[in-house]
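Undergrad: Required output: the full structure, derived from the provided sequences and hints.
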Amino acid sequence: MSAHPTDQALFEAAQGENPDARDHVKTCKACVKRYMRLAAGAALISTAKRESFPPVDWTVLDARMLAVADRAAAEVRAGVVRPIRRFPTVSVTVGVALAAAAAGVFAFRMRTHSSRTDAPIARSTHVRPPTLVPSTPSVGSSSGNERAVPAVPMGVETEAVVLLAAAPASHARRGATAVVLTGATHVREGDRVSTGDEAGRVVLAVHSTYRVDVRRGTEVIFASLRSDRASLTLTKGTVRVEGPDPGEHGPSVGIEAAGWTMQSKGGAFTAAIDGQLVRVRVLSGKISVRRGDGAEREVLAGAEIELAHDGGAPREVSQNARDVDALDMAALDAGARDIALAPARLTGDVSFEGSTRWAGTPTSTRPARVVSFRVHHGNQTIGLRVDPAASAPAAWTPERSGMPPAAVASREPIAPAAQTPIGAQALTVPRPGLSEQDRQRIQLENGRDVAMGTYRFAAARCFVSCANLRECGSVRTGSVGFHVGTGGHVTSADVRDFDSAEVVNCLRREALRLPMPVQMAGQIHVEPVRNRNP
Amino acid sequence: MVTSTIAPLDVPVRASPDEIVPPYVRRAMTGDAAAFRDVYAHHRRDVARLANRLLGPRGDLDDVIQEVFIQVFRSLPAFRGDSRFTTWLHRVTVNVVLMHLRAQRSRPQYAPEAPAETTPANDTASPLDNVARNERMKALYRILDSVSDKKRTVFILHDLEGVAAADISKMVGAPVLTVRTRLFYARKEVYAAMASEPALDAIARELSMGSINTECP
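Protein chains in written order, with the working numbering: chain V, 1 to 534; chain G, 535 to 751.
Treat the hints with care, since some could be wrong.
[Said to hold, decoys possible] Straight-line Cα separation of at most 30 Å, BS3-like style, residue types lysine-lysine; simulated pairs:
(1) G/K685 / V/K265
(2) V/K265 / G/K684
(3) G/K672 / G/K685
(4) V/K49 / G/K672
(5) G/K672 / V/K33
(6) G/K722 / V/K33
(7) G/K672 / G/K684
(8) V/K236 / V/K265
(9) G/K685 / G/K722
(10) G/K672 / G/K722
(11) V/K29 / G/K672
(12) V/K26 / G/K722
(13) V/K49 / V/K26
(14) G/K684 / G/K722
(15) V/K29 / G/K684
(16) V/K33 / V/K49
(17) G/K684 / V/K49
(18) V/K49 / G/K722
(19) V/K49 / G/K685
(20) G/K685 / V/K33
[Said to hold, decoys possible] Not the full set, but computed from the structure, chain G residues with beta-carbon under 10 Å of chain V:
(21) D566
(22) F570
(23) A582
Source of the hints: derived by calculation from the structure; they are not laboratory data.
Ideal Cβ positions, reconstructed from N, Cα and C, are used throughout, including at glycine.
TA: Okay, here's the thing in structure tokens:
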């Protein structure tokens, strides 16, 4: 019997084009199944060619887009919309590469763009390989379409406005002793903002269009705060920088950490010092990453990279960058008045506008609208509704999980934590037929199941990226031990039975991001993990 | 042979300036509000068709169309007229769709998103036929989604939309040779995925394609 035809040949046969393959199928049982499927596939493609696009509600879309068109036209007339900065041409890039080679910089590969058209590159479509190109002097531009960028910030000194503060957080002027940071604190050039190792958070407005989210365990120095650009030095912890959309002109914000500079070019990114690495996640838009010697690259949305303290080449670890601790920044407004919050008489995890839980005690905010905080501890939750228009300060009120109806209706603040030990007092009313112990167990298991579901989702991506690198074909199952700290944060993770360093690092990284039920604080939960990737 | 409904991309040797950059585009570049509206009105269906081809039955076509035109409006002053306006527009569309797909993948999805209902080619088709057709389209795009974005884009544009390789090269910003290479590997991977896709067995039965003697000699 002759060799079996290829899939391509069978596909052609299904379209009546390859008589040899068709003859083969007529006499070979082994090829029939493949042929049938490929014929079905060919039929699907044929059907798809004839399909028209699904109904679009043009009435709604037209109204929206015509309004956008009018606004865009007005912006063009006003000169707000300008040509978008372009990547270097091939010739310029090659020239830069030759210069780099002459300087002995062989470690980094060239970034080239094989074609140059005038299609906008305002939003990312792909992640480029982690290479660096030496930066060109930023004193001007060879392209007529590019705006000249001054080498030195020329703007006047400005201030960062505290939009949200959660204790513990401190602020120190240059050379002065740290004091408690409040909503009224004016952060100026040279100031230092830090949060507690286990809790605390500060969100600041820089340049009115940028938001800087200082997470727990972080210290950041506002090295430069000018009206045209700001530079922050991250000495430990994690910050998130969120700016306007890419392509919009205006001031920019950069983060310096361990000899690297991450400059926002629109969108959002996080930078975190993680041991001997700086971990950067580009969540939207793009950033440029520059090393101390001037070599730089652009990193586009979706990429997560690791930057070594010793200045080695950036290493891309993921194309699915996420920020699980993101806050709703749109709810905060630098122009709003600062509102000092009543002390929360319950300690635990905080959520703001329903966002991910985080540790800290909210002390002040500048809300753009009516916003809500919640503090969660076990099955107890208290909430605070902050109305920027209200004259009277808001009070924390119990919100859910079986509070006696009378207490909820009265909207009275619950008793102080010091007088009412959490879990010791009957703040909850068990459902009929379900003991308190059962109810807590169910809540615990539900919370754990959700967390593990989230983790399995993340782990699957680890295995996919590992499979793409052909590193993890052998080991199918393993386990991850989650050490849960106070507040439900995973403090460490033991990954077992996987021999690929890529997978182990990825599984550990994802585990450390995972919020676990606070009831599991101090416990170790071991979860089997299965590699379903073939 | 399928004829593409997407406007040709190559600039003809004797193309008039108005063919390359229509007058309403020139006016829009100067901030003429009516011209901006014309850009949208003239090209919305073209963009919708191309975006739908690349997206498949995902149910977010409206968002993508909107995003494409927002990008176009923002970037119109940067358009230099080196290529046809439609070439530029299609490239923006491809970029926006790819970005959309990437963003979609980076978001955790705890439940399948509601798929879009495809318009029946024949409006007199029964609801059952429409359901079957939608299921088939979903099956096809599941297979196409198994291929990388670059190869998937080239495969869809060439084998489904009937766009020539030279035009695709302008739309994706890659040399023609690269486009052909991507197409070669895309076909190979798509056919391999089809050959190992059990869901196609049911479709094969529905389409009554089993009239082959299965006896080995």
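Undergrad: Now look at each hint and say whether the structure bears it out.
TA: Evaluation of the provided hints:
1. G/K685 / V/K265: 29 Å, holds
2. V/K265 / G/K684: Measuring from Cα to Cα gives roughly 25 Å; hence the hint holds.
3. G/K672 / G/K685: 19 Å, holds
4. V/K49 / G/K672: 14 Å, holds
5. G/K672 / V/K33: 21 Å, holds
6. G/K722 / V/K33: 18 Å, holds
7. G/K672 / G/K684: At roughly 20 Å apart (the allowed maximum being 30 Å), G/K684 and G/K672 satisfy the hint.
8. V/K236 / V/K265: 23 Å, holds
9. G/K685 / G/K722: 10 Å, holds
10. G/K672 / G/K722: 20 Å, holds
11. V/K29 / G/K672: With a Cα-Cα distance of about 29 Å, the restraint between V/K29 and G/K672 holds, given a limit of 30 Å.
12. V/K26 / G/K722: 23 Å, holds
13. V/K49 / V/K26: Roughly 28 Å between the alpha carbons, so the hint for V/K49 and V/K26 holds.
14. G/K684 / G/K722: Measuring from Cα to Cα gives roughly 14 Å; hence the hint holds.
15. V/K29 / G/K684: 35 Å, violated
16. V/K33 / V/K49: 24 Å, holds
17. G/K684 / V/K49: With a Cα-Cα distance of about 20 Å, the restraint between G/K684 and V/K49 holds, given a limit of 30 Å.
18. V/K49 / G/K722: Holds. V/K49 to G/K722 sits at ~19 Å (cutoff 30 Å).
19. V/K49 / G/K685: 18 Å, holds
20. G/K685 / V/K33: 26 Å, holds
21. D566: Because about 6 Å separates G/D566 from the closest Cβ in chain V, which is inside the 10 Å limit, the hint holds.
22. F570: 4 Å, holds
23. A582: This interface hint holds because 5 Å falls under the 10 Å limit.
Against the hints set out earlier in the document, a violation occurs for number 15 only.
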